[in-house]
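Residue numbers (the numbering used here), protein chains in the order written: chain A, 4 to 228; chain B, 83 to 296.
Calculated directly from the structure, the hints in this document are not laboratory data. Glycine residues also receive a C-beta, built at the ideal position from the N, C-alpha and C atoms. Treat the hints loosely; a few may be bogus.
[To be verified] Cβ pair distances, simulated, as ranges:
1. B:84 <-> A:23: 35 to 45 angstroms
2. A:9 <-> B:94: 38 to 48 angstroms
3. B:91 <-> A:74: 18 to 28 angstroms
4. B:94 <-> A:128: 41 to 51 angstroms
5. A:176 <-> B:166: 18 to 28 angstroms
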Amino acid sequence: MFLTTNITFSYSEQFSIRAPSFSIKKGEAFFVMGENGAGKSTFLRLCAGLLSPDTGMFSWENKPIKETSSSNVSYLGGSFGFEDDSTVAQTVRLLGCLYERSLQEIKTIVKDFLLIESWHKKIGTLSYGQRLRLAIVRLHIEKKPCWILDEPLNGLDEEGRYIFITALNNHLRNKGIAFIATHESDMFLNLQDKGVGVKVYDLEPYKKKLGYALVLNYAQTKRNL
Amino acid sequence: MKKCMAFFFYQLELFWQEATLLYQGGFFFLLISLTMGILFPDMSVEGAMKAYFLITIFTLFLMTEYLWKMPYSQGMFDTFRFYPLSMMEIVITYYIVYLFNIIFPLIILNAVALSFLYANKLGLIISYTAVLSIVLMALLLLIFLVQAVILMAKKKAKFLAILLIIPLAIPWIIFSFSFLFQGESIGALLAGLYLIYLPCTLWGATWALRQVYT
């Protein structure tokens, strides 16, 4: 289980985030929505242990997230964290060695996500949709229980959306959890029929937009209770 | 160890794919040595080495942005953070990649370039090239350390950032003095001290990055 306890975080006096205590159980997805600049990405970076909150704590199975993130968290930031100059083959081979997967196993995953044709292509030359598929390949190679995804649907075509939603559904059904920042409510509408848990939070302004507070969106969450 | 090696070879491959700057640097050195050989045929090895030293500093200055971007840029590190490798393993692996990719080729290029000029003074050339390699290593460490200080300052760990400026400054003070007294025993002593200090500086940089990221 992923737990947070009364989080506050500030860059400076100009910007801060507050979040109440909440928990995410296995098989649940946590969505954070909000206007541009509200701090969605910052909040996800806090969840991933890439930033430290000023007060409060993020924990996974009762241990601070910073201590367990390398074995439990897969994080996809804005650019998916790929090296543009490396090829698909180089990237997945490295991941295969790091996570002790055989080349055959890796190639099967790459084939499943329709990237085998791009095996020798540099990542910098791939389209956004292909990069996202490669990111999903990474998630499958890593096989970690907690996915933290920053606006994964941005600029994605219908096929890409379908592939992503299916992968996310399978992950949640296999008792994984996911944190997702998004602008788009259709993502969790697509999930709610599949019997997985969904919690939706909004980052709402307070203090004349100098700070944002994480507030449970009852209307969206209720549909999934 | 196997995981570290995989990470090492991945970085090595990437670096050589994009090492055009390095090739350009090599040609630059070669061109300079040939020009010097033609224009100043009677120049002493010491004089030539001093010129090379300045050229190396200048070249590295031009390469600073490239070096800076490579290891700890935010996006890259966000990915490394979740690899099943410790912070120490990542920093050391990166450092070795740098040794392979920048320092060793530059040392060889320097030696080759000087051999063109002074084929009969190979011993001197090798010893001067060794000195040059130490300078290059120090420059890399300087970059690591400055990055660490900036990262720590960003994390509001200002006190630690100030503490780090001390190890950052000391090797350069020692090195400057050893250069001032070169040829004298005090110069040799300071240079020795500097060599002892290098691993401490590496440790300092590693420690600082661990404070930031763990």
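C-beta pair residue 91 (chain B), residue 74 (chain A): status relative to the range 18 to 28 angstroms that was hinted
This hint holds: roughly 23 angstroms between Cβ atoms.
CB-CB spacing for residue 128 (chain A) and residue 94 (chain B) relative to the 41 to 51 angstroms hint:
Since residue 94 (chain B) and residue 128 (chain A) have Cβ atoms about 22 angstroms apart, the given range 41 to 51 angstroms is violated.
35 to 45 angstroms was suggested as the range; check whether the CB atoms of residue 84 (chain B) and residue 23 (chain A) agree with it.
Given range 35 to 45 angstroms: holds, Cβ gap about 44 angstroms.
Does the Cβ distance between residue 176 (chain A) and residue 166 (chain B) fall inside 18 to 28 angstroms?
With a Cβ separation near 25 angstroms, residue 176 (chain A) and residue 166 (chain B) satisfy 18 to 28 angstroms, so the hint holds.
Is 38 to 48 angstroms a correct range for the gap between the Cβ atoms of residue 9 (chain A) and residue 94 (chain B)?
Between residue 9 (chain A) and residue 94 (chain B), where Cβ atoms are some 46 angstroms apart, the hint holds.
Hint check: a violation occurs at hint 4 only; the rest are consistent with the structure.
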